[in-house]
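> As a plain string of letters, each chain reads:
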Amino acid sequence: MPRLGSVPSRRSAAPAAWPPARLHVVTGKGGTGKTTVAAALALALATGGRRSLLVEVEGRQGIAQLFDTPPLPYAERRVAIAPDGGEVHALAIDPEEALLEYLEMFYNLRRAGSALRRLGAIDFATTIAPGMRDVLLTGKVKEATTRTEHDRHVYDAVVLDAPPTGRITPFLNVTAEVAGLTKVGPIKSQSDKVIALLRSAQTAIHVVTVLEEMPVQETIDTATELTTAGLPMGAVIVNMIRESMLPAGTIDREEIATGLRQAHLVEEPTVLDALLAEAAEHQERIRLQRRERKQLSALGHPLLELPFIAHGVDLGALHELSGALTQQGVPAP
Amino acid sequence: MTTPSLDIDGLLSDPDTRIIVCCGSGGVGKTTTAAAIALRAAERGRQTVVLTIDPARRLAQALGLSSLDNTPRRVERVGKDGGELHAMMLDMKRTFDEVVLRHATAEKAEQIFANPFYQAMSTSFAGTQEYMAMEKLGELRATDRWDLIVVDTPPSRSALDFLDAPQRLSRFLDGRMIRMLLTPAKAGGRAYVKFVGAGFAVVNRVVTKVLGTALLHDLSAFVAALDTMFGGFRERAQATYDLLKTPGTAFLVVSAPEPDALREASYFVGRLDSDEMPAAGLVLNRVHSTAAAGLTAERSLAAAETLEESGSTGSTLTAGVLRVHAERIRLTLREQRLRARFTSAHPQVSVAEIPAQPGDVHDLPGLRRVGNDLAANAADPGRR
Chain A
1 MPRLGSVPSR RSAAPAAWPP ARLHVVTGKG GTGKTTVAAA LALALATGGR
51 RSLLVEVEGR QGIAQLFDTP PLPYAERRVA IAPDGGEVHA LAIDPEEALL
101 EYLEMFYNLR RAGSALRRLG AIDFATTIAP GMRDVLLTGK VKEATTRTEH
151 DRHVYDAVVL DAPPTGRITP FLNVTAEVAG LTKVGPIKSQ SDKVIALLRS
201 AQTAIHVVTV LEEMPVQETI DTATELTTAG LPMGAVIVNM IRESMLPAGT
251 IDREEIATGL RQAHLVEEPT VLDALLAEAA EHQERIRLQR RERKQLSALG
301 HPLLELPFIA HGVDLGALHE LSGALTQQGV PAP
Chain B
1 MTTPSLDIDG LLSDPDTRII VCCGSGGVGK TTTAAAIALR AAERGRQTVV
51 LTIDPARRLA QALGLSSLDN TPRRVERVGK DGGELHAMML DMKRTFDEVV
101 LRHATAEKAE QIFANPFYQA MSTSFAGTQE YMAMEKLGEL RATDRWDLIV
151 VDTPPSRSAL DFLDAPQRLS RFLDGRMIRM LLTPAKAGGR AYVKFVGAGF
201 AVVNRVVTKV LGTALLHDLS AFVAALDTMF GGFRERAQAT YDLLKTPGTA
251 FLVVSAPEPD ALREASYFVG RLDSDEMPAA GLVLNRVHST AAAGLTAERS
301 LAAAETLEES GSTGSTLTAG VLRVHAERIR LTLREQRLRA RFTSAHPQVS
351 VAEIPAQPGD VHDLPGLRRV GNDLAANAAD PGRR
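Read top to bottom, the protein sequences are chains A and B.
Residue numbers 1 to 333, in the numbering used here, belong to the letters of the first sequence in order.
Residue numbers 1 to 384, in the numbering used here, belong to the letters of the second sequence in order.
Hints in this document: simulated from the structure, not taken from any laboratory.
Fair warning: there could be bad hints in the mix.
As the list claims (entries may be wrong) - Restricting the straight-line Cα-Cα distance to at most 30 angstroms, the calculated cross-link-like pairs of lysine-lysine (DSS-like) are:
1) Lys-93(B) - Lys-245(B)
2) Lys-188(A) - Lys-108(B)
3) Lys-188(A) - Lys-93(B)
4) Lys-193(A) - Lys-93(B)
5) Lys-93(B) - Lys-108(B)
What the hints assert, rightly or not - If you want the ones that stay clear, here's a sample from chain B, every Cβ over 12 angstroms from chain A, calculated:
6) Ile-19
7) Thr-105
8) Gly-138
9) Leu-140
10) His-346
Note that CB positions come from ideal geometry on N, CA and C, so glycine has one too.
Model the full assembly from the supplied sequences, consistent with the hints where possible.
Here it is as structure tokens:
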């Protein structure tokens, strides 16, 4: 069973290195637990009376599943209370709603919505014209990040459960692509603001990975890709770390047979074989983990570590993971 | 409850199976599964081609895909009984370029390639990959060079968006939006307003206001350049859609025994059902099992504690081994519960499991083992 105290503590390195950003973009290869980590991070960033916003953009309703709430509408609502009185709010961005909202906010044109829809313009912008969708999504994220009320930011931190590593650079760069297409005009100035935020120290892009070959390779590639594109790489968050449960050394069959006898357990050869095979696999996994971890440390980005949760991720597990993040220096003072 | 086991060899041996589409969320081993299935087919005498989207580097090397040239290459020294394996990696920009070249005059093609919209759209925009994967599938099928095509799909929720492509393109082509985009020069002119009808003036004002005149002009130049090709896009999208609906196409949903991945798998199964192209089966990848199921987690943990307290020789190691076993049992039970939940929601979908391996699969023997594991499901239907 993973225990909090058993998370390898990186107290010395992580707090200084954790970026003081307000917008935290969380990406990762599929299957690495990106959404879970984003949710745990939103909890950690709300700790101590702060308010964070957790945003999803892929229409999967993953946040609602994690926090066990009904599907999220296109509206910000509170989904969890963080330790010491903080609040986590959540939002599932729908491109069509974002477009209508955008038209209203900047051009006072919401009423034109139905005419636009009849003409197929909404459809065109949100599903047919590639790229427009991502422009709308990142635009909304920027709006939420920079929104103020009484001269204060509404959210102390915004966490974006972003598309997976394979798509993250084009996703964040889409506004730059669009801005490149237009030299003047309202879209240009709006895009410029989104780009400015995404490339500033206000943003940090965290890559979630597990200690397996392919995800680690993708993490390394993504770090290079982001840096080349001028996007601020944040931390590498290593998820689902399995602890070694075996003492160092070889797995001796006789020794285990003796042990089983002492514990009054059956020592049928088949059971013994099965246990030995499982132990060998476990050792192999730990060995692979160590190898992959070494590769990640060489990257030079802050490294945060989260334990594997054998019983599955529920709200309790989210708090456990958030606690592990806090312990490793999140959020920055 | 026993669910039917997926008979992969039956599927591969049936000469009527012409296309196998592997879909599922990212990170579940879709590409590896597609490659393993294609390899097995080639070794069972089929002329097979596998279209991969974004294979891991070492897997790509194993398939001889070191060069990205967007055409299938034969994998050397593979295949039995006359079967062959060819592999290719989708190059989305190149596929798009080829479509343009095929359907436009050289002069027009140059115009299109030079347009900044085209450059952005063909390289960096989400959605293009899905369209191009289907375009390529249609192309491969049209050559009739292979008797089995195995396709990997892009790792996104929108992986099945191509199913909507024909309708969406039709809606667009038959809509007024395109006419507006095609005639911006005359925007505001009376003849134009009459042409596109009432309500247009409002929309035109909005679009001009939001996009700016210059951008609108560029965009309309782009749409105008592509205009002659749109009809072709629609026709081919429709043809590919029809192809996917024929009995010769089998959809396999790939998943890992994890709640998120299985939820996505459920979504895919439902989506396929509603388009009347039901999933041929679910491939459950990286499944854990134990050969000592009789030794429960509870007993193992209790014994581990007793041993640790005793402090006698060998007790630390044995206790550790028992803890490893307890964790394995719990994981196995959890995965079985998740599988049962899926099958009770989709009792008609047959399932095949692939056991978890500590390391990644990145060579031909590894792919062969995955293929064997998949096929073993049919031989051992009652194991769950």
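> For each hint, tell me whether it holds in the structure or not.
Structure-based check of each hint:
{"no.": "1", "hint": "Lys-93(B) - Lys-245(B)", "in the structure": "27 angstroms, holds"}
{"no.": "2", "hint": "Lys-188(A) - Lys-108(B)", "in the structure": "28 angstroms, holds"}
{"no.": "3", "hint": "Lys-188(A) - Lys-93(B)", "in the structure": "25 angstroms, holds"}
{"no.": "4", "hint": "Lys-193(A) - Lys-93(B)", "in the structure": "29 angstroms, holds"}
{"no.": "5", "hint": "Lys-93(B) - Lys-108(B)", "in the structure": "17 angstroms, holds"}
{"no.": "6", "hint": "Ile-19", "in the structure": "24 angstroms, holds"}
{"no.": "7", "hint": "Thr-105", "in the structure": "24 angstroms, holds"}
{"no.": "8", "hint": "Gly-138", "in the structure": "19 angstroms, holds"}
{"no.": "9", "hint": "Leu-140", "in the structure": "23 angstroms, holds"}
{"no.": "10", "hint": "His-346", "in the structure": "18 angstroms, holds"}
When the structure is compared with the earlier hints, no violation turns up for any of them.
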